[in-house]
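Chemist: Given chain A, work out where chain B should sit, using these hints.
Protein chains: 2
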Amino acid sequence: MRRLRVKSSAGGYDVIVGRGAWRALRGLRGYSSTFILTEPGLWKHWGRRFSRDAGLPGASPLLVPAGESSKSLPWAGRVASELLERGADRRSMLIAFGGGVVGDLGGFVASTYMRGIDYVQAPTTILAQVDSSMGGKTAVNIRAMKNLVGTICAPRLVVSDPRVLASMTPRAFRSGLYEVVKHGILSGPGLFGWLEKILPGLRVSNAALLETLVVRAAQVKVDVVSRDEREAALRHVLNLGHTFGHAIEEATGYRRYLHGEAVAWGLLMVIRLAELAGRLDPANGKRMARLVRAVGPLPAVAGVREERVLGLLTRDKKAVGGKVLWILPERIGKVCETSDVPREAVARAFREVQRGEWNG
Amino acid sequence: MRRLRVKSSAGGYDVIVGRGAWRALRGLRGYSSTFILTEPGLWKHWGRRFSRDAGLPGASPLLVPAGESSKSLPWAGRVASELLERGADRRSMLIAFGGGVVGDLGGFVASTYMRGIDYVQAPTTILAQVDSSMGGKTAVNIRAMKNLVGTICAPRLVVSDPRVLASMTPRAFRSGLYEVVKHGILSGPGLFGWLEKILPGLRVSNAALLETLVVRAAQVKVDVVSRDEREAALRHVLNLGHTFGHAIEEATGYRRYLHGEAVAWGLLMVIRLAELAGRLDPANGKRMARLVRAVGPLPAVAGVREERVLGLLTRDKKAVGGKVLWILPERIGKVCETSDVPREAVARAFREVQRGEWNG
Chain A
0 MRRLRVKSSA GGYDVIVGRG AWRALRGLRG YSSTFILTEP GLWKHWGRRF SRDAGLPGAS
60 PLLVPAGESS KSLPWAGRVA SELLERGADR RSMLIAFGGG VVGDLGGFVA STYMRGIDYV
120 QAPTTILAQV DSSMGGKTAV NIRAMKNLVG TICAPRLVVS DPRVLASMTP RAFRSGLYEV
180 VKHGILSGPG LFGWLEKILP GLRVSNAALL ETLVVRAAQV KVDVVSRDER EAALRHVLNL
240 GHTFGHAIEE ATGYRRYLHG EAVAWGLLMV IRLAELAGRL DPANGKRMAR LVRAVGPLPA
300 VAGVREERVL GLLTRDKKAV GGKVLWILPE RIGKVCETSD VPREAVARAF REVQRGEWNG
Chain B
0 MRRLRVKSSA GGYDVIVGRG AWRALRGLRG YSSTFILTEP GLWKHWGRRF SRDAGLPGAS
60 PLLVPAGESS KSLPWAGRVA SELLERGADR RSMLIAFGGG VVGDLGGFVA STYMRGIDYV
120 QAPTTILAQV DSSMGGKTAV NIRAMKNLVG TICAPRLVVS DPRVLASMTP RAFRSGLYEV
180 VKHGILSGPG LFGWLEKILP GLRVSNAALL ETLVVRAAQV KVDVVSRDER EAALRHVLNL
240 GHTFGHAIEE ATGYRRYLHG EAVAWGLLMV IRLAELAGRL DPANGKRMAR LVRAVGPLPA
300 VAGVREERVL GLLTRDKKAV GGKVLWILPE RIGKVCETSD VPREAVARAF REVQRGEWNG
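Protein chains in written order, with numbering that gives the first Met the number 0: chain A, 0 to 359; chain B, 0 to 359.
Note that these hints are calculated values from the structure, not bench results.
In this list, chains with the same sequence are indistinguishable; a pair is considered to hold if it fits within one copy or across any two.
Below 20 Å or equal to it, Euclidean Cα-Cα: the simulated SDA-like pairs (lysine to any residue) are: (1) Lys-145 <-> Gly-115; (2) Lys-145 <-> Arg-89; (3) Lys-333 <-> Ser-225; (4) Lys-145 <-> Pro-73.
Just so it is clear, the structure is predicted and the values come from calculations on it, not from any experiment.
Pulled out of the complex, with its shape left as it was, chain A reads as follows:
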């Protein structure tokens, strides 16, 4: 079990990672009541163990349907109404027990319910455990754009138990690993080299190795968000691979790819873009691309319309005045931030990866 510490404007919070991490919830006292937000399938499998570990036996959770469509303003309103119905007040606490959807929705509701109550992230997917549960970003989707509406509000605590990852489908598991690869590129040769060794043979059943993986990858996120909660500058680096990734997800209506899969394509494209922009030498680019590929097969991008993706890039939340902000990998452990990338290079990077003309 490991305790990582995130610094934040509100004073900071712990991230507890390891088998048995949920027990840390017992240490949270002084709340008038505690509520759990989760989704039915997950609760069916893990609810009993979670509520026992958390010291909340017999808890009756607030349920939202699994899947992205719950991350909406109407669902935020429903959850807030149910909290009120059940007597939640300003000193109540909400635990978001689930993956990115439950975490983002739960954080949004908690940060706005009666103008803000405390909440805990108890992430249950690899993506949430190494990335989305930390940093205090909350959001819901508006039809026009994913995560368009949200808040920055630090959780009170994050508890990540990797045992729960055993319930993930292989595809969802791989999807989360692409974010781990991103963290490897951002972090440096230590984590990157270790991932090159262990990723090809990683099994969801290898609990000890998974725990190490989550701790090491989560540490990267903790380090970045501790330095810059509002992502005015430093936090931008976490967007590596996401500029193309978000546009690809949006262009395909969020139906074809899991988030991590779109990020994987985004990573390949931005690696190639960095090469084309003369920022990254091909040997390093090859090594990065190989680690992305090592996670496993990706759904094809063959049919995705180039003009649509390129048009969507300027709508990225980091774009200002129509200028796209690119995070380009320069070497393992170093990225740069620039808006000065020729549009032709962007189109070419997309096209070469899409057509398989460049494979790293």
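Modeler: Frame of chain A, contents of chain B only:
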């Protein structure tokens, strides 16, 4: 023209009060784009002058229907979508030009659009100019409860031009003055005594006197919120009259009373409650009640169900664990905060005011 300064966690902001205050908007630079949120009737009367003064000639505002029903999650989603449609990015700015509804909705949208953009309050009602535009509280209503979902997010600037108050209906104008009376009770003999002199003869057309009134009443709010942005303690005093007031509004479905009118009844009831609790001597109570009555006639509370109102008190956002937090006036310029009030006294205060058995 007066410049008041609010201190806040984000560094503070100015409140400009006076004829011509909108011109201060010209000093805000560095935004990629500026948007105005308002309602059609107001814009028709004041849009040209506002956009000229603000240095935004020809501005095409985002419109929401007048009235409380626009302060909702669906409208927040629509406004966010329209902002995206029009190209708003993280460096854009939103001006909320309107009364409490537009201010609360605009603040909520701005504080959550792409996880937060800057916004300006340009309040156009007396209630908004002396109260709701300052302090950074934003909110939308959920069917279950008014202001259930919201944020605390300081505006970049507040610009209050009292000329616009000339467009208010007499009833809405009086409704706002009840909040001014509340500020008088909180502030002390200076403001209170001045209000006793000027309120009975105040006309909406007396621009110079109105300007002084807005400045003096706004200063009370500025002082309180500067000391306590998150209302953990000090800011609670602003709730004077609102505990009963909110319950009365809720019990009548927000249809019978304007907000200030419900607060006026709430003030009368809490003055009587303070007397019954032995916290306030009757001479002072009489003087406070007389100033409430001096504003003008109130819609009757005859038909409002006592059990319903008393039941709703525990749902107040300041209630914790079912205990109501009362702000009781002790004398002009001093209130106390207590949960230790017998339920019988609460019922009696409500009943005596409702039946006209106590009139101060």
